[in-house]
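Asker: Now for the letters of each chain:
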Amino acid sequence: DGGITQSPKYLFRKEGQNVTLSCEQNLNHDAMYWYRQDPGQGLRLIYYSQIVNDFQKGDIAEGYSVSREKKESFPLTVTSAQKNPTAFYLCASSMGTGSAGELFFGEGSRLTVL
Amino acid sequence: SQQGEEDPQALSIQEGENATMNCSYKTSINNLQWYRQNSGRGLVHLILIRSNEREKHSGRLRVTLDTSKKSSSLLITASRAADTASYFCATPPSGSARQLTFGSGTQLTVLP
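As you go down the protein sequences, you meet chains A and B in turn.
Residue 1 is where the first sequence starts when you use my numbering, and the numbers rise one by one after that.
Residue 1001 is where the second sequence starts when you use my numbering, and the numbers rise one by one after that.
Derived from the structure by calculation, the hints contain no laboratory data.
The hints are all genuine.
Derived DMTMM-like pairs: lysine to aspartate or glutamate, alpha-carbon spacing no greater than 20 Å straight-line: (1) Lys1069/B - Glu1053/B; (2) Lys1069/B - Asp1007/B; (3) Lys1069/B - Glu1055/B; (4) Lys1056/B - Glu102/A; (5) Lys1026/B - Asp59/A; (6) Lys1026/B - Asp1066/B.
Simulated restraints on C-beta separations: (7) Arg1050/B - Gly2/A: 20 to 28 Å; (8) Val52/A - Ser1012/B: 41 to 49 Å; (9) Arg1080/B - Val52/A: 37 to 45 Å; (10) Asp59/A - Asn1030/B: 17 to 25 Å; (11) Asn26/A - Arg1060/B: 26 to 34 Å; (12) Asp1007/B - Asn26/A: 36 to 44 Å; (13) Ala1081/B - Asn53/A: 40 to 48 Å; (14) Ala1082/B - Gly2/A: 17 to 25 Å.
Bear in mind the structure is a predicted one, so any value in this text is a computation, not a measurement.
Where is the CB? At the ideal position from N, CA and C, for every residue including glycine.
Given these sequences and hints, build the entire structure.
Answerer: Written out as structure tokens, the structure reads:
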């Protein structure tokens, strides 16, 4: 089955710890994205990558870091510098270049800071 | 920066009724997309309408786009309890080829 796999689904973190969320896709998509969703709100873009070894900051990149060493993988690290990390994190991918097309989403990772 | 904004924020209807959700946006667009999110799940793409299209259908979904008013509507006909979800519109901001920005969504509840 082609799709996007996020792990873990639930993650608990103590204050001051870095955590890494995994995102893997087997859709052969060029572009990948990380969004953050807070309760009752829309999605806010954290980082996106259009090609391997390149990524761009979104609207709320502070306190987060990413890497894109392989086309299939786009892990997100939530660092201790992120002041309010408790949220639902969604990874997505899309194919091609040019105007934004359809995004395919994973099932999300819910991070809770204890 | 938020481009699209949905209205109403919440909508509750009876099964069998139609549900209409609206989206307004600020700048010119190439396309507008609608997504659905079941509680605690990822988003699922429903439909994409291009700026040169005025109406598009997919099953029980009908989407309209009025570029002069910078608005779009999503109509779900003959709603079912399984349609209960949040619905988001998404647009690529002006000058961006790859990013989508999402509104805050409309929470639709369909009562059996």
